[in-house]
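**Q** Below, each chain spelled out in residue letters.
2 protein chains.
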Amino acid sequence: MYRNLHLTPQRKSVYDIVSQSADHPTAADVMERLRQAGHKLAYATVYNSLRYLTDAGVIQELRMGSGAARYDARLEAHQHVVCTQCGRVDEIFEIMPAGYAEAITNETGYRVDHVDVVAKGLCPDCAKSSRH
Amino acid sequence: MYRNLHLTPQRKSVYDIVSQSADHPTAADVMERLRQAGHKLAYATVYNSLRYLTDAGVIQELRMGSGAARYDARLEAHQHVVCTQCGRVDEIFEIMPAGYAEAITNETGYRVDHVDVVAKGLCPDCAKSSRH
DNA sequence: GTGAAAGATGGATTCATTCTAAATACAAAC
DNA sequence: GTTTGTATTTAGAATGAATCCATCTTTCAC
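These protein sequences, in sequence, are chains A and B. Mapping the first sequence onto my numbering, position 3 (from 1) lands on 3, and the numbers just tick up by one. Mapping the second sequence onto my numbering, position 89 (from 1) lands on 89, and the numbers just tick up by one.
Certain hints may be false.
[Unchecked claim] Chain A residues, not near chain B, derived (Cβ > 10 Å throughout): (1) Leu5; (2) Ser19; (3) Ser21; (4) Ala28; (5) Glu76; (6) Ala77; (7) Thr84.
[Claimed, not checked] Label pairs and their in silico Cβ distance ranges: (8) A:Asn4 to B:Arg35: 48 to 58 Å; (9) A:Arg35 to B:Asp23: 39 to 49 Å; (10) A:Ala56 to B:Ser66: 16 to 26 Å; (11) B:Arg35 to A:Pro9: 44 to 54 Å; (12) B:Asp113 to A:Gln36: 28 to 38 Å; (13) A:Asn4 to B:Ala37: 50 to 60 Å; (14) A:Gly38 to B:Arg74: 48 to 58 Å; (15) A:Asp55 to B:Tyr47: 10 to 20 Å; (16) A:Ala103 to B:Glu102: 12 to 22 Å; (17) A:Ala68 to B:Asp113: 15 to 25 Å; (18) B:Arg35 to A:Ile95: 38 to 48 Å; (19) A:Ile95 to B:Pro9: 48 to 58 Å.
Honestly, the hints are just simulated from the structure, not real lab data. Where is the CB? At the ideal position from N, CA and C, for every residue including glycine.
Please model the entire structure based on the sequences and the hints provided.
**A** Have a look at this one:
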């Protein structure tokens, strides 16, 4: 995949699951899908692999609200929306208005290097079924 | 404080701690400050109170990255910056460019009702000491 | 006052994650 | 090709945050 990436068989199988899943799986989801695919890794190995891949920059860790961290193999800059009803997570590619990060730097004095956006609301399905 | 707010002595003491703390305390911080102030509440009571106050809309719960939730008594619309080195959290009052939430709605089909922004970077102090 | 409902308490429990110590694999040095 | 060392995996124990539970207390309506 990338140079300097030490992909053991376990790490590769974890990477494969994450990159083939469109729904931002949690560590537990990854475990389960590995098991379904006939692999059996220790819990610690899944966590270690997810961290390794995150540090290596080939996947991203998403933390949105409470609950388990989720993982995403899409690397393009993007943000996320979470459904407050069913928990579904989707990508947002609409880019943040330029200048906002700089405005934050000016206001706070922080050296901002990254801005995470998490939108919350109802996904199309839940919005439809809640419209009574 | 507000109408329809059932402030028991315990809830009031939790509210007082949160509103007098500028550093976005965690539940454990609140516990400790209560103890220092001479109150002793059960852990569950602190959590219940924080949730009650959050639901009542008089404080906000902040979840940024891993670790414990933090609480904030400032109610004006605002966002947060976290220092990736020391964990300090500050407020951002610079408002999000209008139209961004709507752009998200258009792109994703979600009925977006709220957008959380968490900026990450180095706080002024850490930035200074890391400049070698 | 009596009883129902809401709230508080301490301890046990759950869930996500990390740690630990032992077992394996793998690569470089001889 | 055996030895030595370093990185990785493993199972299970341990941790930290938060919630649950069963019991006791308070509050309020009547």
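**Q** None of the hints should be skipped; say for each whether it holds.
**A** Results of checking the hints against the structure:
Even its closest Cβ contact with chain B, about 24 Å, leaves A:Leu5 beyond 10 Å, as expected for a residue assigned away from the interface. No Cβ of chain B approaches the Cβ of A:Ser19 within 10 Å, the least distance being about 22 Å, so the stated non-interface status holds. The beta carbon of A:Ser21 is kept farther than 10 Å from every beta carbon of chain B, the shortest such distance being approximately 19 Å. Separation of A:Ala28 from chain B is adequate, the least Cβ-Cβ distance of about 16 Å exceeding the 10 Å criterion.
The beta carbon of A:Glu76 is kept farther than 10 Å from every beta carbon of chain B, the shortest such distance being approximately 14 Å. No beta-carbon of chain B is positioned within 10 Å of the beta-carbon of A:Ala77; the least distance is around 14 Å. Distance check for A:Thr84 against chain B: the nearest CB is about 8 Å away, which does not clear 10 Å, and the non-interface claim fails. As the Cβ distance of A:Asn4 to B:Arg35 is approximately 49 Å, the hint placing it in 48 to 58 Å holds.
Distance hint for A:Arg35 and B:Asp23: a CB-CB separation of about 43 Å, consistent with the stated range 39 to 49 Å. Taken as a hint, the range 16 to 26 Å holds for the pair A:Ala56 and B:Ser66, whose Cβ atoms sit roughly 19 Å apart. Here the CB-CB span from B:Arg35 to A:Pro9 is close to 51 Å, well matched to the stated 44 to 54 Å. Separated by about 36 Å at the C-beta atoms, B:Asp113 and A:Gln36 satisfy the suggested range of 28 to 38 Å.
The supplied range of 50 to 60 Å is met by A:Asn4 and B:Ala37, whose beta-carbon atoms lie about 53 Å from each other. Remark: the range hint 48 to 58 Å for A:Gly38 to B:Arg74 is upheld by a beta-carbon distance near 52 Å. Separated by about 33 Å at the C-beta atoms, A:Asp55 and B:Tyr47 break the suggested range of 10 to 20 Å. Here the CB-CB span from A:Ala103 to B:Glu102 is close to 19 Å, well matched to the stated 12 to 22 Å.
Checked against the given bound of 15 to 25 Å, the beta carbons of A:Ala68 and B:Asp113, roughly 24 Å apart, stay inside it. Look at B:Arg35 against A:Ile95: about 47 Å separates their beta carbons, and that is inside 38 to 48 Å. For A:Ile95 and B:Pro9, the Cβ-Cβ distance of about 49 Å falls inside the hinted range of 48 to 58 Å, so the restraint holds.
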